[in-house]
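Participant: Sequence:
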Amino acid sequence: MHPLDNQEALLITNLANLDYLTGFSGSHGAGLFTDGQLMLFTDSRYYDAARQQCFFDEIVQASGSLEITLSQVLADKRIKTLYVEQSLSLERWQRFREQFAHASLQPVASPLEFLRSCKDHLELDLIRNSIHISITAFERISSCLRPGTSEREIAAELEYQCRRLGADSQAFSTIVAWGPGSAVPHHQTGANRVEQGGNLLMDWGAKAHYCSDMTRTFFFEKPQKQMEEIYRIVLEAQLAAIEQLKPGVKLIDVDAAARSVITDYGFGEFFGHGTGHSLGIEIHEHPTISPRSGDAIAEPGMVLTVEPGIYLPGSGGVRIEDVVLVTPTGNEVLTSALPKGLESAVL
Numbered sequence: 003m004h005p006l007d008n009q010e011a012l013l014i015t016n017l018a019n020l021d022y023l024t025g026f027s028g029s030h031g032a033g034l035f036t037d038g039q040l041m042l043f044t045d046s047r048y049y050d051a052a053r054q055q056c057f058f059d060e061i062v063q064a065s066g067s068l069e070i071t072l073s074q075v076l077a078d079k080r081i082k083t084l085y086v087e088q089s090l091s092l093e094r095w096q097r098f099r100e101q102f103a104h105a106s107l108q109p110v111a112s113p114l115e116f117l118r119s120c121k122d123h124l125e126l127d128l129i130r131n132s133i134h135i136s137i138t139a140f141e142r143i144s145s146c147l148r149p150g151t152s153e154r155e156i157a158a159e160l161e162y163q164c165r166r167l168g169a170d171s172q173a174f175s176t177i178v179a180w181g182p183g184s185a186v187p188h189h190q191t192g193a194n195r196v197e198q199g200g201n202l203l204m205d206w207g208a209k210a211h212y213c214s215d216m217t218r219t220f221f222f223e224k225p226q227k228q229m230e231e232i233y234r235i236v237l238e239a240q241l242a243a244i245e246q247l248k249p250g251v252k253l254i255d256v257d258a259a260a261r262s263v264i265t266d267y268g269f270g271e272f273f274g275h276g277t278g279h280s281l282g283i284e285i286h287e288h289p290t291i292s293p294r295s296g297d298a299i300a301e302p303g304m305v306l307t308v309e310p311g312i313y314l315p316g317s318g319g320v321r322i323e324d325v326v327l328v329t330p331t332g333n334e335v336l337t338s339a340l341p342k343g344l345e346s347a348v349l
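Using my numbering, read the sequence shown as starting at 3 and increasing by one per residue.
Honestly, I wouldn't trust all of these hints.
What the hints assert, rightly or not - Computed beta-carbon distance windows for the label pairs:
| hint | residue 1 | residue 2 | range |
| --- | --- | --- | --- |
| 1 | K82 | D122 | 29 to 37 Å |
| 2 | S262 | P302 | 24 to 32 Å |
| 3 | L344 | T83 | 54 to 62 Å |
| 4 | D78 | Q108 | 19 to 27 Å |
| 5 | G150 | P341 | 23 to 31 Å |
| 6 | T329 | P113 | 21 to 29 Å |
| 7 | P341 | D127 | 50 to 58 Å |
| 8 | Y267 | T83 | 53 to 61 Å |
| 9 | Y267 | R166 | 37 to 45 Å |
| 10 | Q54 | L107 | 31 to 39 Å |
| 11 | H188 | Q88 | 34 to 42 Å |
| 12 | L349 | Y162 | 19 to 27 Å |
| 13 | H123 | E345 | 30 to 38 Å |
None of these hints come from the bench; they were simulated from the model.
Even glycine gets a Cβ: it sits at the ideal position worked out from N, Cα and C.
Please model the complete structure; the sequences and the hints are all you need to start from.
Facilitator: Here it is, written out as structure tokens:
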């Protein structure tokens with residue numbers, strides 16, 4: 003995006019981008035870049051907190067709707083072109099177009115989403131803290147992982163422990179999938195009760211400003227031959243992808259490293275999702291590790307999940323997921339404190 007002149011402005015409506023840029027954590031607000039300054043527009047619920055906690059040149063409290071207040075400011079500043087983030091919903095786009103009739107609206111890829119792809123030391127500390135909370139919480143609920151306990155009970159106890167340890171929330175809805183449910187990658191945690199002899203897939207992550215994300219698959223006795231084979235294949239695929247993930251490597255090739263292992267063993271059709279995604283303030287950020295990653299390249303400071311899986315409908319599935327930091331010389335597995343060898347998967 004080119005530098006703005008005095009008749010142009012950039013409107014930031016993505017709350018994660020506002021948080022990244024200024025520390026604003028409210029649920030209702032917008033930022034405006036114009037005349038070399040950054041303005042925040044919010045309502046009375048967040049005005050005082052924003053004044054104390056956020057980094058803006060000016061904070062405007064909307065007396066009515068944000069759109070009306072923004073429109074008045076844009077008119078006063080004689081803005082002719084307003085760039086809006088491409089993530090803006092169609093509904094808001096139409097409202098803005100009606101309110102900002104004096105300005106031409108132009109969609110633009112937000113530069114902030116690209117800036118967010120590489121984390122600084124403060125951001126890495128926040129991610130490490132969320133990971134520590136997630137792993138410690140899991141260690142505290144080991145007694146819940148037994149036959150007779152429901153998926154929902156396990157998830158509730160895990161989330162409770164995350165909160166006790168300092169999480170603001172969960173980064174996403176915790177997945178606890180027993181038996182055949184583990185063959186559904188985004189299984190909805192429910193009332194199914196764990197039984198002896200099957201597998202349990204758990205995908206969870208605390209959020210303490212920044213997100214964490216990890217998956218492990220467990221067995222309540224020595225797994226049957228097919229499930230043991232699948233576990234070993236998924237682990238081999240994950241290790242191959244992690245080995246490939248280093249600066250300068252195309253992320254599509256990282257995906258191919260995992261996918262080729264699974265395909266070579268004859269299970270390619272049962273691995274239907276991407277190998278991973280970036281995380282940070284949001285659980286899914288730019289870029290991703292998938293066959294659709296295009297020319298995206300791994301760079302130092304990127305934090306990505308690596309999570310291949312095999313899912314056999316009606317039988318069960320295995321997914322193993324770690325959070326990996328790309329370093330100047332290779333990578334660091336940030337979730338390495340959580341074991342993933344087959345021996346550790348048998349409870």
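Participant: Cβ-Cβ distance between L349 and Y162: within 19 to 27 Å?
Facilitator: 21 Å, holds
Participant: Against the range 50 to 58 Å, how does the distance between the Cβ atoms of P341 and D127 compare: consistent or not?
Facilitator: 24 Å, violated
Participant: Taking the CB of H188 and the CB of Q88, does the distance hold inside 34 to 42 Å?
Facilitator: 25 Å, violated
Participant: State, for the Cβ atoms of D78 and Q108, whether the hinted interval 19 to 27 Å holds or is violated.
Facilitator: 20 Å, holds
Participant: Is the gap between the beta carbons of S262 and P302 within 24 to 32 Å?
Facilitator: 26 Å, holds
Participant: Please check whether G150 and P341 have a Cβ separation lying inside 23 to 31 Å.
Facilitator: 24 Å, holds
Participant: Given the hint of 31 to 39 Å, check if Q54 and L107 actually sit that far apart at their C-beta atoms.
Facilitator: Cβ of Q54 to Cβ of L107: about 33 Å, so the range 31 to 39 Å holds.
Participant: Indicate whether the distance between the beta carbons of H123 and E345 respects the range 30 to 38 Å.
Facilitator: 35 Å, holds
Participant: Are Y267 and R166 spaced within 37 to 45 Å by their CB atoms?
Facilitator: 41 Å, holds
Participant: Against the range 53 to 61 Å, how does the distance between the Cβ atoms of Y267 and T83 compare: consistent or not?
Facilitator: 54 Å, holds
Participant: When you take the CB atoms of T329 and P113, is the distance between them in 21 to 29 Å?
Facilitator: About 24 Å separates the Cβ atoms of T329 and P113, which means 21 to 29 Å holds.
Participant: At the C-beta level, are L344 and T83 separated by a distance inside 54 to 62 Å?
Facilitator: 59 Å, holds
Hint compliance for this structure: hints 7, 11 are not met, and every other hint is.
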